[in-house]
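Chemist: Sequence:
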Amino acid sequence: MYTTTAACSFSFLPPSSSRTQRTLAATVLFAAGAIVGWPFSLLLAVPFVFEELFLYGGDIVPESSLSDWVQTRWKRLFGSGAVAALVFVPVFLIDTFAYGQLTLTPWNLVKYNIFSSSSGRGPTLYGSEPWYFYLVNLALNFNILLPLALLSLPGLYITYQYDNQRLGSMRGPVGQTSSPYTLLAARLAPFYLWIMVLTTQAHKEERFMYPAYPLLCFNAATTLYLARGWMETAYVKATNSQYRASQTSLFRLSTLATILIASLLSVSRVLALYKYYHAPLDVAYHFQYDELTHLLNTTHLLPVPDKTKTTHTSKYDNEIDVDMALVRQFGLKICWGAEWYRFPGSYLVPTGVEPLLVESGFDGMLPRPFPPVVSVAGTSKGLSTPSNGLLGETSRVLGRTTRITPTGFNDLNRAEDGQAADPVQCDYLVHLRLPGSQKSAALPTGQWDDVACFPFLDASRSSMLTRVLWVPGAAWQRGNTFGEYCLLKERGKAIARETKQWSRKVET
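Each residue of the sequence shown is one higher than the one before, counting from 701 in this note's numbering.
Worth flagging that the hints you see were computed from the coordinates, not collected in a lab. For clarity, every value in this text was computed on a predicted model and none was experimentally measured. Take these hints with a grain of salt, some might be off.
[Claimed, not checked] Below, a list of computed lysine-lysine pairs in the DSSO-like style, where the Cα atoms sit at most 27 Å apart:
#1 Lys1033 / Lys811
#2 Lys1033 / Lys1200
#3 Lys1193 / Lys1205
#4 Lys811 / Lys904
#5 Lys1033 / Lys1205
[Unchecked claim] Simulated DEER-style distance windows between Cβ atoms:
#6 Gln771 / Leu1048: 53 to 61 Å
#7 Ser818 / Tyr985: 41 to 49 Å
#8 Thr955 / Pro830: 16 to 24 Å
#9 Leu713 / Pro830: 36 to 44 Å
#10 Ser818 / Ala1159: 33 to 41 Å
#11 Gln1177 / Thr955: 28 to 36 Å
#12 Gly1179 / Thr1199: 45 to 53 Å
#13 Asp1122 / His1000: 29 to 37 Å
#14 Arg1161 / Trp1202: 42 to 50 Å
#15 Ile794 / Val897: 28 to 36 Å
#16 Leu840 / Ala782: 35 to 43 Å
Backbone N, C-alpha and C define an ideal beta-carbon position, used for all residues, glycine too.
Could you put together the complete structure from these sequences and hints?
Modeler: If you want it as structure tokens, here you go:
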């Protein structure tokens, strides 16, 4: 998304023989997004390439100079492409060093997603969605901006037919320069191309739309500008007065109203996501800063607060500093079952606590933890002596972990033996309760007590409008049904843990 935005800041300038920097910068940025990021994002560069090769842009080209102009444009684009290809070099070298064999990661991604379907592999193994999936998803995220974006090309045609001078006139004779309507159409095309191509793919995910987000906003802004022109034209015809049209605030207010409505709907949507689905992060926070603190206090491992500290610059100064290294001796294991896909990541699990995924009826492949970095003295075969500092540490980690071929994975999305831990190991469990719903998973064997529960929206039993947006007030929430997203602990293990004598000495 970021490279798309940066590339468009150059590619949206009209191409001309004097703008060599435009071609080079846009080409390199599009290539960087595809090579370093996601290779399929290169699709967004197709209209730019077409414009660079076939549209006059800012040039006025007499017929006698057409051949030289074509050669110049093609040489410039392919020269820029050769420079952009240099981005492959560091990517290739880093990947090859990291994996210990010749590797080009962008190609591996393309090969699996495009050329593996005949062998029963490919992205459809991970789910498929109906053709309208992206339209619904974009409507949720961009509200009225989506229809505005989709109307940009039809709106441009309407403007061309009924308000031809809105974008200005051609800079030269017909056939020797480009129409401003043609140039604008080339800039509106990437969003349409992206959404059409991705809609034809069976496997769809929200994140696949990320590269086109800036283009959606640009297309929507274009429609808003063109619609304002239609209003001005209609107003002049109705009043027969250019002066009154220049003095009225109607057009400015209509633009402001559109922006305000889109902004308010967006804020409401953001608040809905936070209010309705924040519980997994609430559980992670409560586990580290409340439950583990309580455990250390119960086992008499919590240090005595320093009462000499009297200056409070924020509310967090009142919190007791807890040495989480003391938690390691408990050997705690926190588990996710049916909620494995909402696992917030190992960074939100305290050091010394092991996250586990347990059996939940899911028949696909589950993620696994990275292998631990083994600290050894000396050097390992094929690696130079690690140097001090970040570079040396990075070299050591890359050499000792990324070259390991992990077991327990496949490219057919099939469950593997050992991917789910035995629930008997769990000290804590993250569990979603949806009263009256068949989606609530059964608890593992044992006596489980609630530690903390937070509200979590039951989308299937809530009104579509109230679950999509958040509005303050109890009346709005009557359309919603909530379950409980809970942190549970196994009673027997908790009692044994809290009654045992533990050491304050931290093992290193």
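Chemist: Each hint should be assessed against the structure and marked as holding or not.
Modeler: Status of each hint after checking the structure:
no. : hint                          : in the structure
1   : Lys1033 / Lys811              : violated (38 Å)
2   : Lys1033 / Lys1200             : holds (17 Å)
3   : Lys1193 / Lys1205             : holds (22 Å)
4   : Lys811 / Lys904               : holds (18 Å)
5   : Lys1033 / Lys1205             : holds (21 Å)
6   : Gln771 / Leu1048: 53 to 61 Å  : holds (57 Å)
7   : Ser818 / Tyr985: 41 to 49 Å   : holds (47 Å)
8   : Thr955 / Pro830: 16 to 24 Å   : violated (35 Å)
9   : Leu713 / Pro830: 36 to 44 Å   : holds (39 Å)
10  : Ser818 / Ala1159: 33 to 41 Å  : holds (37 Å)
11  : Gln1177 / Thr955: 28 to 36 Å  : holds (33 Å)
12  : Gly1179 / Thr1199: 45 to 53 Å : holds (47 Å)
13  : Asp1122 / His1000: 29 to 37 Å : holds (31 Å)
14  : Arg1161 / Trp1202: 42 to 50 Å : holds (45 Å)
15  : Ile794 / Val897: 28 to 36 Å   : holds (29 Å)
16  : Leu840 / Ala782: 35 to 43 Å   : holds (42 Å)
Hint check: violations occur at hints 1, 8; the rest are consistent with the structure.
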